[in-house]
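Undergrad: Sequence:
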Amino acid sequence: MVIWAAGRFLMSFYRGRALVGFYRGRPLAIMFCTVIMTSSPKNPQVPKPGDSDMNASVYAEGSGLHEAIRTLTSHLSLDTVLQQVADLSRELVSSTYSALGIMGEDGTLVQFITSGISQEDRDRIGEPPEGKGILGVVLREGQSLRLADLGQHTVSVGFPANHPSMRSFLGVPITFKGVVLGNLYLTNKIGADEFSADDENIVTLFAAQAAVAIENARLFEAETRRSTQLDVLNLMGRELTRIFDLDLLLKKVAALLCEGFQYQNVQIFWVDLESNSIQIRALAGLDEDRLPVGTHRPLDQGIAGWVARTGQTALCNDVREDPRYNAIKGFETAAELAVPVILQDATVAVINVDSMVPNLFDDSDVKTLETLADQLAVAIENINLYDQQQDQAQRLAVADERDRIGRDLHDGVIQSMYAVGLTLEDISSQADKEPESVKPRIKDVVNDLNQAIGDIRRYIMDLRPTELQGRRLDEALVSLVGYLEDRTGVSVTVDMDIDPSLLPERYFVNIWHILQESFSNIEKYAHAKNVSLSLGVSNGDICLTIADDGNGFDLETAELGRGYGLPNIKDRAERLGGVLHIESAPGAGTKLDIKVPVPVPAPQPRLV
11 MVIWAAGRFL MSFYRGRALV GFYRGRPLAI MFCTVIMTSS PKNPQVPKPG DSDMNASVYA
71 EGSGLHEAIR TLTSHLSLDT VLQQVADLSR ELVSSTYSAL GIMGEDGTLV QFITSGISQE
131 DRDRIGEPPE GKGILGVVLR EGQSLRLADL GQHTVSVGFP ANHPSMRSFL GVPITFKGVV
191 LGNLYLTNKI GADEFSADDE NIVTLFAAQA AVAIENARLF EAETRRSTQL DVLNLMGREL
251 TRIFDLDLLL KKVAALLCEG FQYQNVQIFW VDLESNSIQI RALAGLDEDR LPVGTHRPLD
311 QGIAGWVART GQTALCNDVR EDPRYNAIKG FETAAELAVP VILQDATVAV INVDSMVPNL
371 FDDSDVKTLE TLADQLAVAI ENINLYDQQQ DQAQRLAVAD ERDRIGRDLH DGVIQSMYAV
431 GLTLEDISSQ ADKEPESVKP RIKDVVNDLN QAIGDIRRYI MDLRPTELQG RRLDEALVSL
491 VGYLEDRTGV SVTVDMDIDP SLLPERYFVN IWHILQESFS NIEKYAHAKN VSLSLGVSNG
551 DICLTIADDG NGFDLETAEL GRGYGLPNIK DRAERLGGVL HIESAPGAGT KLDIKVPVPV
611 PAPQPRLV
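Numbering (our numbering), first residue to last: 11 to 618.
Just so you know, the hints here were simulated from the structure itself, not pulled from any lab data.
Distance condition first, Cα-Cα at most 25 Å in a straight line; then the derived DSS-like pairs of lysine-lysine:
{"hint": "1", "residue 1": "Lys377", "residue 2": "Lys261"}
{"hint": "2", "residue 1": "Lys605", "residue 2": "Lys580"}
{"hint": "3", "residue 1": "Lys142", "residue 2": "Lys199"}
{"hint": "4", "residue 1": "Lys377", "residue 2": "Lys262"}
{"hint": "5", "residue 1": "Lys534", "residue 2": "Lys580"}
{"hint": "6", "residue 1": "Lys580", "residue 2": "Lys601"}
Could you put together the complete structure from these sequences and hints?
TA: Below, the structure written as structure tokens:
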């Protein structure tokens with residue numbers, strides 16, 4: 011039916027011509043229209059090119075329309091298509107001026123594209139028309155309108171200052187599937203006082219093809235934009251999981267929105283309930299240098315404030331019509347979209363985008379920003395959890411460090427102080443009998459106390475045991491063995507078959523403290539005469555054995571959980587992934603076997 015009707019129309023208009031339909035610059039179909047023009051049905055005569063000026067005009071019009079349609083369908087950029095519609099319609103019917111008005115969802119003009127008027131003239135005219143007067147008739151009625159003198163029409167409202175003079179007028183609606191997309195307006199017919207019925211017909215036909223081209227361009231632009239939005243959302247999803255600094259995260263989101271979606275201005279407000287305000291934490295776009303980060307706005311003002319209070323999205327394509335909008339001097343906002351970032355049922359932030367162009371945002375922008383807001387909420391929660399984990403790790407590290415310091419002090423300074431105490435007890439027992447011999451020993455005790463005080467100071471400045479400063483383990487062990495022998499008179503044999511330089515720092519320190527604690531126990535409890543020590547590597551383990559022939563103890567009745575003695579040795583072995591095995595019995599001495607895995611060297615970079 012549609013093809014039949016189109017054929018009837020073309021046959022009546024082109025009087026026996028063949029038309030080629032084009033789509034995106036390629037021939038789509040050919041329609042032959044053959045109607046024999048006669049002065050009498052009984053005397054058919056087919057007109058030929060050149061038979062009359064009328065036929066020449068018909069050929070010119072048909073050729074121009076074909077070329078216009080082919081040109082129009084070769085573009086997919088919406089802005090280009092809209093401008094082409096205005097330009098080509100003006101050329102088709104030889105009008106001085108033309109314009110294309112695009113309608114919004116509310117039936118008003120949201121775009122007005124002109125042809126035949128210079129940019130300088132447009133600037134002098136000022137704001138584009140709003141669809142009143144003659145333009146409003148075509149908008150409301152959705153029907154073509156042809157006037158010899160538009161100024162004589164009853165609804166004419168005249169022209170603004172600096173507007174060119176216009177007389178003849180042709181208005182044709184552009185409809186697609188029964189929906190008016192916009193209207194074509196042509197004025198000042200060249201070479202005639204007014205537009206003809208043929209002009210109206212050819213513009214009507216062109217408008218039908220223009221509607222298809224506009225809709226195709228819109229669909230292409232929508233799909234392109236949707237693809238871009240998905241790409242940006244995927245990129246943001248990856249970026250948001252890598253950033254654990256809130257300000258850096260918000261700044262990244264604002265920049266990606268501005269760059270990826272071509273938004274003019276993006277602000278991210280942080281909701282501050284204590285001050286009853288919203289604070290700009292990040293922004294990007296044209297106003298980036300005009301709005302300082304940290305600026306506060308009252309929570310009860312503006313569209314962003316309303317979103318922060320209600321937790322609902324606000325889409326405002328004309329802020330002049332929205333009572334929630336709070337104008338800021340110096341900023342020319344025409345459209346604004348704000349979405350909440352909700353975390354645990356509370357609005358913590360607002361993503362706000364605005365534009366100096368009205369009617370810029372649509373449902374796809376709303377869905378995209380709401381999706382991003384959900385992603386941002388998850389990222390903010392991750393940052394909160396990360397911060398909590400860091401705080402907990404810090405507290406655990408402090409507790410662990412305190413415990414380690416306690417063990418180090420016990421192993422070092424406290425042992426020295428204990429030795430000083432034993433010496434003082436011995437001195438006190440000899441003070442009355444041999445007073446002269448006591449003085450040098452008291453001097454030695456004072457020196458030992460000064461040494462202990464120095465050790466405490468050095469622990470504060472550097473928690474590494476002072477005995478290990480500038481020494482290898484074997485060198486420090488010689489000093490430790492000599493100290494034990496001097497204090498107790500015990501004989502110590504050492505069998506060391508390991509390169510101490512291969513031990514990492516933590517192995518070095520922990521093995522040292524194990525030896526120190528073991529020797530301290532021997533001095534205090536064992537009363538041994540002989541001690542043997544061996545340190546080597548066997549079957550992938552570092553093996554440390556310390557044995558004495560002292561008093562020994564009962565493993566079943568010994569309270570190993572008290573103090574920092576054997577439990578401390580066990581703890582240090584386990585820190586290195588090792589184990590402690592104890593053999594002892596009353597009167598049979600004590601043997602400690604410690605095995606820890608050989609440290610795996612860090613992987614070295616490999617040259618390819």
